[in-house]
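Number of protein chains: 2
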Amino acid sequence: MFATLKFAALLLAVVVCWATQDYDYDDAEIDEEPTLGDSPYGSLWPLPQKVQISTVVFKLSGASFHIFDAKESSSGASCRLLQNAYRRYDEYIFTSSRKQGKNKSKKALSSDMSELQVWITSADSECDSYPSVTSDESYKLSVDSPVAVLKAPKVWGALRGLETFSQLVYKDEYGAKSINRTDIHDFPRFAHRGLLLDTSRHFLPIKVILANLEAMAWNKFNVFHWHIVDDPSFPYLSRTFPQLSQHGAYHPYTHVYTPSDVKMIIEFARLRGIRVVPEFDTPGHTQSWGKGQKDLLTPCYSGASPSGSFGPVNPMLNTTYDFMRMFFKEVSTVFPDAYVHLGGDEVDFSCWKSNPDIQKFMEQQGFGTDYSKLESFYIQRLLDIVTTINKGYMIWQEVFDNGVKLKSDTVVHVWMGNKVEEELQKVTEAGFTTILSAPWYLDYISYGQDWQKYYRAEPLSFKGTDAQKKLVIGGEACLWGEYVDATNLTPRLWPRASAVGERLWSDGDVRDLNDAYSRLAKHRCRMVQRGIPAEPLFTGYCAHEYKEV
Amino acid sequence: MFATLKFAALLLAVVVCWATQDYDYDDAEIDEEPTLGDSPYGSLWPLPQKVQISTVVFKLSGASFHIFDAKESSSGASCRLLQNAYRRYDEYIFTSSRKQGKNKSKKALSSDMSELQVWITSADSECDSYPSVTSDESYKLSVDSPVAVLKAPKVWGALRGLETFSQLVYKDEYGAKSINRTDIHDFPRFAHRGLLLDTSRHFLPIKVILANLEAMAWNKFNVFHWHIVDDPSFPYLSRTFPQLSQHGAYHPYTHVYTPSDVKMIIEFARLRGIRVVPEFDTPGHTQSWGKGQKDLLTPCYSGASPSGSFGPVNPMLNTTYDFMRMFFKEVSTVFPDAYVHLGGDEVDFSCWKSNPDIQKFMEQQGFGTDYSKLESFYIQRLLDIVTTINKGYMIWQEVFDNGVKLKSDTVVHVWMGNKVEEELQKVTEAGFTTILSAPWYLDYISYGQDWQKYYRAEPLSFKGTDAQKKLVIGGEACLWGEYVDATNLTPRLWPRASAVGERLWSDGDVRDLNDAYSRLAKHRCRMVQRGIPAEPLFTGYCAHEYKEV
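Residue numbers (full-length UniProt numbering), protein chains in the order written: chain A, 1 to 549; chain B, 1 to 549.
Please keep in mind that the hints were generated in silico from the structure rather than gathered at the bench.
Certain hints may be false.
As the list makes no split between identical chains, a pair holds if one copy fits it or if it spans any two.
Claimed, not checked - List time: in silico DSSO-like cross-link candidates among lysine-lysine, alpha-carbon distance up to 30 Å:
{"hint": "1", "residue 1": "K291", "residue 2": "K547"}
{"hint": "2", "residue 1": "K71", "residue 2": "K547"}
{"hint": "3", "residue 1": "K373", "residue 2": "K50"}
{"hint": "4", "residue 1": "K291", "residue 2": "K171"}
{"hint": "5", "residue 1": "K407", "residue 2": "K453"}
{"hint": "6", "residue 1": "K547", "residue 2": "K207"}
{"hint": "7", "residue 1": "K360", "residue 2": "K263"}
{"hint": "8", "residue 1": "K407", "residue 2": "K71"}
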């Protein structure tokens, strides 16, 4: 009732307004509770760049309404991506209300909306491509009777527009599916809108990953940053080095991602306009690698003899680089995205310091006692390897901070909580593109409405030229895995990540917390109705509560 | 693998020890991470009072093993409670491993454990009764070949012992169901081990309540404190006053508990030895009551005229008490438990102060400007009403603090976070029984292993005589509903509430965090395997990860 009656009520008002609101950002306390008023934008999330909603209402008959390719569209029935999307959104729009099946004989009334035409305007629809950081996600949606038209240069924009269209449909007070005459022109503010999931600290079953990719699409995210391996476990089943997961995974076959699992995840993501950027973090965070790959990690010493424990990747052995060359060669073929994330964060020097061979190597190289030089030595060689296999790379900010020479198309990932603006300033001053995660570590939980904190964060608030600001290509919400697995990941992520989704998609002036609360509360109920256990923002209810436990 | 291989490993060691450990309670920081060593007590949770586990191992064959009533038992096949429990525990023990059905022809090997005999020793098994605060939950469990014997005076102890038996069964390295020769003598440290769920701030579907009652039984909780109504909604469908939920629930039929729903919940709980204590909190926290019951709440004034909003229950009208008499008369018949929780917390005086009629009444009664006297006036009359309908009552601590005259069997519920020990001292000094919730507000979340904080809390650490300490009959974990509903309640509750479960059941000296961590990690994987999405304590894995999203 919440999502529908309230929305119906707003139709009594004249609602013609543009979404780019005046900047009226109240920097009040975080725990202040926005009131649940009605937004003139109903349940739209994230808010499109330009929205015009009229009071004229059309009905959608489950028996006659259909989504079709426009005749003029460059993309036809052979485009599996779009056909799958039509089916998906048809199901979302008519959840459980099309039980009697189609009834073609029913005549559409004049006030009915009988179809949504999807029109890909560019000659190359990119239907069979993978999305990339330069993909065009823009679309125009014109909802009118008897036909609504969704125009987009590429399939990526069509996917975003289908989601928006589905968010415009609501039930009137008699339960009839309704939609208002609406005009939308939409495009993302940032090109890179990512979500990091960590499958090393806890293994996430495929089903959980797919469900969250689906929810990402509802929130117009377009990058799944797959932090696939780390210290605790190595669930990636490598064809070249199968012993890595055989010995490094929590379990050699129940807790691994096989090549076909990975393929399925990438295709599922592609069909939703989502890139899959894998992260293979080195030289730190690699304990699990060492279990299957002899001599890869540095032996730590206790006094004059090896202690039996191991530290970061051993940077002084040629075998290390031979291994990395073969490993990343495989990675480059398994993951089609143009980028791979190479990590490079939080390298602990104590083990390197303890090892006499490393000490000798440091001397030979003239590094003195500056172990960050050794780290850079390793990373530099790794980057060169990845360059030769024609991949771009993303790295955590330390690699930049340590002065490693980076390719010009490197993406620097800013994550440290202190001096965020200074860091963005420095990175962009050096001419590198960057993405921001520092304000969006969703694994840190606290009592209350922390979505507001994520919502308020502003990636471009640092001092810099327009050229510098353009280098901020987006951000990522990170849900590190120490305390989440299949039991609690999904409700902990949604709708908290939705706040990040709007910040990265919508106009920078869209910051009204009351309006956001109203739309987000409805959006979260919609996610629940579509089967995702998105947790509540605050006291209240959904017409259709979550059906599972 | 986690739960089974590790446990198998411990069998190599000689494990004969008693559970009452030396007090060795390290009051270190909360975020310290206990190591995941192996506990000599395997996956037992909460730890029984006395446990002796030998290294001798028996096998349980799914084809031949059965749980039976002992010949000597006072309870037979007609005891539905026990027969249901046998079926439940058979399923837990042989989850998905008894696919081929029974095979009676298979001959049991000499090292097999062929049956568990359940022997109710008291003449009255209490099979058809409701559990109460004086119920005997003790049991003795002797696991030997070919027969294990579970002796308990009453069915309540048998239920606890069946859970313990199921926790002793593990898979050996070949996947064979195994159990060690074991002797256990067990009984609860505290008689009242409760969990509060709030169905007003968010409506909880029956399914969610039942699932959590099930999980309560696994953790030996025995009181479901049902905070059924509050300000935001009134989901209790009253036969006498149906308009209360009709107007006060979030939705008049999708978001209510019908009489048959309530009955089902009470019976489901009874079959697991769990009391259902409903809370109808007055005079504050009653906004939703006012929607269906005219003149029940105090009209607030803005200057000289009513503002249109309402405050606490109106204490000056006789109609208020007529209503309460009829309402609680119904409650007393619907809920069989000897106690009802009457609330009495957080009464806001501002509305009373604004109302000229209330001001006049205060004058007449000689209360001056002390509105806590008015509150006490109301509560006193309410308590008298409830006494006449032969119910005991529980109340939040403010009622005691305000000096209201209480029946001697009143249970004072201590919840305020400050001066907890002083409060316990005062309440018990006055001779009242009390339960503690202050350290166990599970709705407050924070990053990290907060279960340790709940685990460390000690209900008897206040200064007082032995007689005073005996008046502390237990405690309750509270999960208030502002931020939880069906989407996130269960993983937020378990295994955090399990920490409270052990604190209230096990000996006071059981405080070793490392041992607890090891057992609790396995216990949480067991809950996951039984279908409850209990969240992880920290990095790691379960052999069988949660199967849903």
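Right, here's what the structure says about each hint:
1. K291 to K547: between (42 Å within a copy, 28 Å between copies)
2. K71 to K547: Result: close neither inside a copy nor across copies, 41 Å intra and 44 Å inter.
3. K373 to K50: neither (50 Å within a copy, 58 Å between copies)
4. K291 to K171: between (56 Å within a copy, 26 Å between copies)
5. K407 to K453: neither (34 Å within a copy, 48 Å between copies)
6. K547 to K207: both (18 Å within a copy, 8 Å between copies)
7. K360 to K263: Neither: 44 Å inside a copy, 77 Å across copies.
8. K407 to K71: neither (44 Å within a copy, 81 Å between copies)
Of the numbered hints stated above, those contradicted by the structure are hints 2, 3, 5, 7 and 8, listed in ascending order.
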